[in-house]
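Residue-level listing of the chains:
Number of protein chains: 2
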Amino acid sequence: MSIKPSIPKGTRDYHPNLVSKRNYIIQKLKDNFMRFGYHEIQTPSFEKSNILKGNYGQEGDRLIFNILNSGEKVKKANINSLKDNNLSEFVNSISDKALRYDLTVPLARYVSQYQNEIKFPFKRFQIQNVWRADRPQKGRFQEFTQCDADVIGSDSILNEIEMINIYAKSLNDLGLENLELKINHRGILNSISKKFELNSQFKKFMIILDKIDKIGQENVIKELVESLNLKDKYIEDLKFIFNPKSNSDILEFIEKQYIIDDDSKIALDQLKTIKDFFDLNSYDHINISFDLSLARGLDYYTGVIFEISSNNHKEIGSIGGGGRYKDLTKRFSAHNLSGIGISFGLERIFYILENDSLFPDSLDQQNEILVLNFGIEYIKKLDHVIKYYRESDNITMYPDESKISKQFSYADHNKFRSVLIFGKDEDDKNIFKIKNMESGIEKKFNITNFKEV
Amino acid sequence: MSIKPSIPKGTRDYHPNLVSKRNYIIQKLKDNFMRFGYHEIQTPSFEKSNILKGNYGQEGDRLIFNILNSGEKVKKANINSLKDNNLSEFVNSISDKALRYDLTVPLARYVSQYQNEIKFPFKRFQIQNVWRADRPQKGRFQEFTQCDADVIGSDSILNEIEMINIYAKSLNDLGLENLELKINHRGILNSISKKFELNSQFKKFMIILDKIDKIGQENVIKELVESLNLKDKYIEDLKFIFNPKSNSDILEFIEKQYIIDDDSKIALDQLKTIKDFFDLNSYDHINISFDLSLARGLDYYTGVIFEISSNNHKEIGSIGGGGRYKDLTKRFSAHNLSGIGISFGLERIFYILENDSLFPDSLDQQNEILVLNFGIEYIKKLDHVIKYYRESDNITMYPDESKISKQFSYADHNKFRSVLIFGKDEDDKNIFKIKNMESGIEKKFNITNFKEV
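Chains as they are written, first to last, in the working numbering: chain Y, 1 to 453; chain S, 1 to 453.
Treat the hints loosely; a few may be bogus.
Unchecked claim - Which chain S residues face chain Y? A few, computed with CB under 7 Å, are given here: (1) Phe65; (2) Leu68; (3) Lys76; (4) Ile79; (5) Ser93; (6) Lys97; (7) Gly139; (8) Leu158; (9) Leu280; (10) Phe332; (11) Ile404; (12) Ser405; (13) Asp427; (14) Asn430.
As the list claims (entries may be wrong) - For lysine-lysine, the following PhoX-like pairs were computed, each having C-alpha atoms within a straight-line distance of at most 25 Å: (15) Y:Lys30 with S:Lys48; (16) S:Lys415 with Y:Lys73; (17) S:Lys73 with Y:Lys4; (18) S:Lys30 with Y:Lys48; (19) S:Lys48 with Y:Lys272; (20) Y:Lys75 with S:Lys83; (21) Y:Lys28 with S:Lys83; (22) S:Lys415 with Y:Lys48; (23) Y:Lys265 with S:Lys73; (24) S:Lys415 with Y:Lys76; (25) Y:Lys75 with S:Lys76; (26) S:Lys119 with Y:Lys48; (27) S:Lys73 with Y:Lys75; (28) Y:Lys9 with S:Lys30; (29) S:Lys73 with Y:Lys76; (30) S:Lys231 with Y:Lys21; (31) Y:Lys415 with S:Lys9.
Rather than coming from a laboratory, the hints here were simulated on the basis of the structure. Just so you know, these numbers come straight off a predicted model, no measurement behind them. No residue lacks a Cβ here, since even glycine has one placed at the ideal position from N, Cα and C.
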């Protein structure tokens with residue numbers, strides 16, 4: 001019985017042209033991370049379940065892929081828990097590790113585990129796959145690549161500034177334009193929620209705020225009033241917050257009304273410092289805007305929050321984000337390590353490069369020279385020629401003695417730049433020919449010294 | 001309750017210095033594969049269980065990591081099969097996919113699935129992790145990287161010759177010397193087993209032959225006589241086979257006595273052609289030797305078999321191997337696709353490079369310039385300087401305003417090549433200093449035009 005060749009739902013194969021384009025982006029990001037002094041680490045694909053679980057909320061934990069214990073160990077399956085419909089207990093009885101869900105929990109585990117060997121601040125980047133048992137749907141995959149850069153063990157605002165520069169330089173290197181980096185601060189959001197008398201409902205406040213792109217500001221205000229009893233007198237301020245202002249206006253707005261404690265004072269100072277440093281550069285391709293409505297994953301972030309997107313491609317949402325989190329290693333009771341991190345959305349950056357034709361043409365034509373096969377004796381006489389070209393080009397021979405028309409069709413289909421021709425005629429004259437596949441131009445070379453004849 | 005940060009047995013974290021060294025090897029291999037016209041593909045980490053299982057024998061299948069079905073689906077657990085101790089049926093009731101065990105089965109699935117889109121011969125390489133539930137032990141891991149290059153859809157011996165050249169060039173690029181590439185051929189092994197009247201016990205013959213490195217030739221002969229009733233009259237030939245001879249002598253030996261059918265004739269011709277092509281090169285670093293006792297995974301290979309090792313590091317065994325397999329896609333009933341492939345043992349190559357100090361020093365010193373932090377105002381004035389150096393160097397600032405002695409110790413610990421010094425004294429003089437950490441030599445530069453003063 002033959003087996004139908006197919007892959008699990010929610011996964012995909014990367015064909016050569018896709019791999020080379022993804023590698024192009026990844027290499028640019030790596031080069032930039034290195035330029036800023038970050039070093040690459042890699043962690044195992046699976047972690048112990050107790051390390052992974054309990055970080056992502058009930059919904060997130062449900063999306064973790066569990067790995068079945070091997071061999072005889074599945075005999076320990078707790079059948080009673082299955083009968084009682086206690087599925088998580090059942091799963092725990094036959095699985096003690098799981099595929100990583102993100103790169104942040106492995107990082108927290110890593111810095112906690114090696115804290116005595118690491119000299120902090122620790123600057124690391126990590127580009128690896130993660131797995132989520134999301135319902136497969138168009139454009140959403142169960143295995144995908146995350147690209148993160150983080151600094152652990154330093155509270156200095158200079159790290160935030162460096163992160164902005166990493167975004168600016170690496171996305172510029174990739175050719176992206178008209179970028180918008182939105183910045184907010186948890187300290188300011190805290191003081192706004194206090195002023196609005198919503199502090200006890202902070203989380204709900206954030207969840208509603210986060211809907212602004214989807215439902216619009218009128219509906220957000222309506223929902224805040226209806227669900228959280230936001231008082232009318234705060235609506236004016238909300239409208240100010242929701243509508244684009246200059247960064248200076250926003251800083252002034254905060255300074256006048258929202259400096260209510262040390263935390264908000266520090267937050268304001270940090271935003272001012274960020275602005276000062278950003279203004280030193282006259283970037284053409286990126287703008288920063290303070291946006292007090294930005295409420296990205298606020299359970300997690302404790303200071304500055306970033307989100308970056310392309311104004312030319314609003315349809316895809318953000319292409320990266322991050323922020324400061326001071327409690328990274330709390331679960332492992334490592335001495336308190338503050339961290340800040342950003343991530344790059346590889347798929348979305350890919351989308352922009354593809355749409356805007358920003359990938360270099362060379363990626364499409366990695367097949368340079370195909371040696372046509374007129375018989376093994378001719379290939380043998382070409383051995384030194386092939387080696388000579390291989391020092392600088394990608395060169396391969398057509399392995400079979402097929403019809404030359406078939407070999408040309410192969411060269412064409414695989415976008416070879418040129419073919420090398422050496423058969424009886426050429427052998428008699430001590431030459432070989434190189435024919436450009438696009439122009440059709442043929443050049444002749446001496447087979448001993450490779451000089452054009 | 002705090003959680004102890006640790007990783008599952010049989011896995012490991014890759015620290016920055018390890019990642020950069022591994023990347024160095026991988027990049028050299030990739031560059032070489034490309035030079036020979038191979039293209040990279042990537043396949044999903046998990047495949048459907050029915051695709052993976054049934055390829056590796058009972059023992060291999062047992063080592064596959066199964067992934068538990070998500071959410072409510074575990075309710076379908078077949079409790080009766082568990083009670084009956086039918087563990088594989090139980091596992092199948094709660095798991096329908098598994099982590100890949102190697103890169104060959106995914107390749108077979110890939111070429112079968114896309115056979116209508118691929119223009120054969122298809123030359124691909126793949127460098128990805130695989131997972132095996134091996135008992136964790138020193139130097140053996142449950143997750144490791146495989147590096148494979150294969151050609152699918154061509155029977156030509158030129159592919160075998162190309163594979164040899166890939167080994168020769170890429171291992172030379174990595175600085176390896178004194179390499180031995182052993183070559184054997186299934187066609188010759190078949191004819192030997194026929195001549196020895198062992199054809200009906202071919203598999204057992206191969207298993208015993210394969211023990212030669214472990215138990216020595218005397219014991220292999222003893223076991224063949226005792227277990228398989230090998231007749232005395234064949235022992236002389238076996239001794240010839242076991243003891244090193246020149247390639248010409250071996251070809252002559254085969255030609256005289258072991259050409260019994262078309263298959264063995266083709267096999268001999270192929271070995272001759274390989275020798276002819278190899279002799280065209282005068283490689284200093286690699287030798288090929290025909291070895292009729294090489295019995296590497298013969299269930300699988302159908303033609304030429306390779307195994308490469310370092311004579312300087314016999315303690316680690318082979319650093320790569322491969323061969324021709326004509327039934328790659330049989331299970332998927334794709335039209336019969338013949339393939340040939342080689343793999344590189346990343347860990348063992350790493351071992352040699354580390355032992356023989358073949359990694360470039362630059363990998364150990366990727367931290368180039370550390371900007372000492374004398375206060376944020378000074379860093380701000382250095383913004384353009386940092387950007388200037390970042391065009392060509394890895395440069396980062398110490399983010400915190402710590403004691404300068406602590407910052408120097410950080411630079412030292414992290415092997416920075418030099419530190420950039422800019423405090424009040426330097427600011428007053430419009431200069432900055434760059435101090436080499438090893439030599440202690442300090443140079444002064446103008447802060448506006450970066451010229452040495």
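Each hint tested on the structure:
1. Because the beta carbon of Phe65 (chain S) sits about 5 Å from the nearest beta carbon in chain Y, less than 7 Å, this interface hint is met.
2. Of the supplied interface hints, the one on Leu68 (chain S) holds, with its beta-carbon coming within about 4 Å of a beta-carbon of chain Y, less than 7 Å.
3. For the restraint placing Lys76 (chain S) at the interface with chain Y, the shortest Cβ-Cβ distance is roughly 10 Å, beyond the 7 Å limit, so the hint is violated.
4. Given the 7 Å rule on beta carbons, the hint for Ile79 (chain S) holds: about 6 Å separates it from the nearest Cβ of chain Y.
5. The criterion of a C-beta within 7 Å of any C-beta in chain Y is not met by Ser93 (chain S), whose closest approach is roughly 11 Å, and the hint is violated.
6. Contact between Lys97 (chain S) and chain Y, as hinted, is supported at the beta carbon level, the nearest pair being about 5 Å apart and thus within 7 Å.
7. Checking Gly139 (chain S) against chain Y: minimum C-beta separation of about 16 Å lies over 7 Å; hint violated.
8. Checking Leu158 (chain S) against chain Y: minimum C-beta separation of about 4 Å stays under 7 Å; hint holds.
9. The restraint placing Leu280 (chain S) at the interface with chain Y holds, with a minimum CB-CB distance near 5 Å, inside the 7 Å limit.
10. For Phe332 (chain S), the interface hint holds, since its Cβ comes within 7 Å of a Cβ in chain Y; the closest pair sits about 5 Å apart.
11. This hint is violated: Ile404 (chain S) has a C-beta 15 Å from the nearest C-beta of chain Y, more than the 7 Å allowed.
12. With a least beta-carbon distance of about 14 Å to chain Y, the hint placing Ser405 (chain S) at the interface is violated under the 7 Å criterion.
13. For Asp427 (chain S), the shortest C-beta to C-beta distance to chain Y is roughly 16 Å, which exceeds 7 Å, and the interface hint is violated.
14. A distance limit of 7 Å between C-beta atoms decides the matter here; for Asn430 (chain S) the minimum to chain Y is near 18 Å, and the interface restraint is violated.
15. Between Lys30 (chain Y) and Lys48 (chain S), the direct Cα distance comes to roughly 33 Å. Violation of the 25 Å bound is thereby established for this hinted pair.
16. For the hint pairing Lys415 (chain S) with Lys73 (chain Y), the CA-to-CA distance comes to about 46 Å; that exceeds 25 Å, so the pair is violated.
17. The straight-line distance between the Cα atoms of Lys73 (chain S) and Lys4 (chain Y) is roughly 23 Å, inside the 25 Å bound, and the hint therefore holds.
18. Taking the CA atoms of Lys30 (chain S) and Lys48 (chain Y), the gap is near 33 Å; set against the 25 Å cutoff, the hint is violated.
19. Between the alpha carbons of Lys48 (chain S) and Lys272 (chain Y) the distance comes to roughly 54 Å, so the proposed pair goes past 25 Å and is violated.
20. Of the supplied pair hints, the one linking Lys75 (chain Y) and Lys83 (chain S) holds, its CA atoms being roughly 9 Å apart against a limit of 25 Å.
21. Of the supplied pair hints, the one linking Lys28 (chain Y) and Lys83 (chain S) is violated, its CA atoms being roughly 55 Å apart against a limit of 25 Å.
22. Under the criterion of a C-alpha separation no larger than 25 Å, the hint pairing Lys415 (chain S) with Lys48 (chain Y) is inconsistent with the structure, at around 33 Å.
23. Between the alpha carbons of Lys265 (chain Y) and Lys73 (chain S) the distance comes to roughly 51 Å, so the proposed pair goes past 25 Å and is violated.
24. Between the alpha carbons of Lys415 (chain S) and Lys76 (chain Y) the distance comes to roughly 50 Å, so the proposed pair goes past 25 Å and is violated.
25. A threshold of 25 Å between alpha carbons decides the hint, and for Lys75 (chain Y) with Lys76 (chain S) the separation of about 16 Å falls inside it, so the pair holds.
26. Only pairs whose Cα atoms come within 25 Å are accepted, and Lys119 (chain S) paired with Lys48 (chain Y) is rejected, the gap being roughly 43 Å.
27. For a cut-off of 25 Å, the pair hint linking Lys73 (chain S) to Lys75 (chain Y) stands: about 19 Å separates their Cα positions.
28. For the proposed pair Lys9 (chain Y) and Lys30 (chain S), the alpha carbon gap of about 29 Å is over 25 Å, so the pair is violated.
29. Restraint check for Lys73 (chain S) and Lys76 (chain Y): satisfied, since their Cα atoms lie roughly 19 Å apart, inside the 25 Å limit.
30. Between Lys231 (chain S) and Lys21 (chain Y), the direct Cα distance comes to roughly 60 Å. Violation of the 25 Å bound is thereby established for this hinted pair.
31. Our distance criterion of 25 Å between C-alpha atoms is broken by Lys415 (chain Y) and Lys9 (chain S), whose separation comes to about 46 Å.
In summary, the structure is inconsistent with hints 3, 5, 7, 11, 12, 13, 14, 15, 16, 18, 19, 21, 22, 23, 24, 26, 28, 30 and 31 from the numbered list given earlier, while agreeing with the others.
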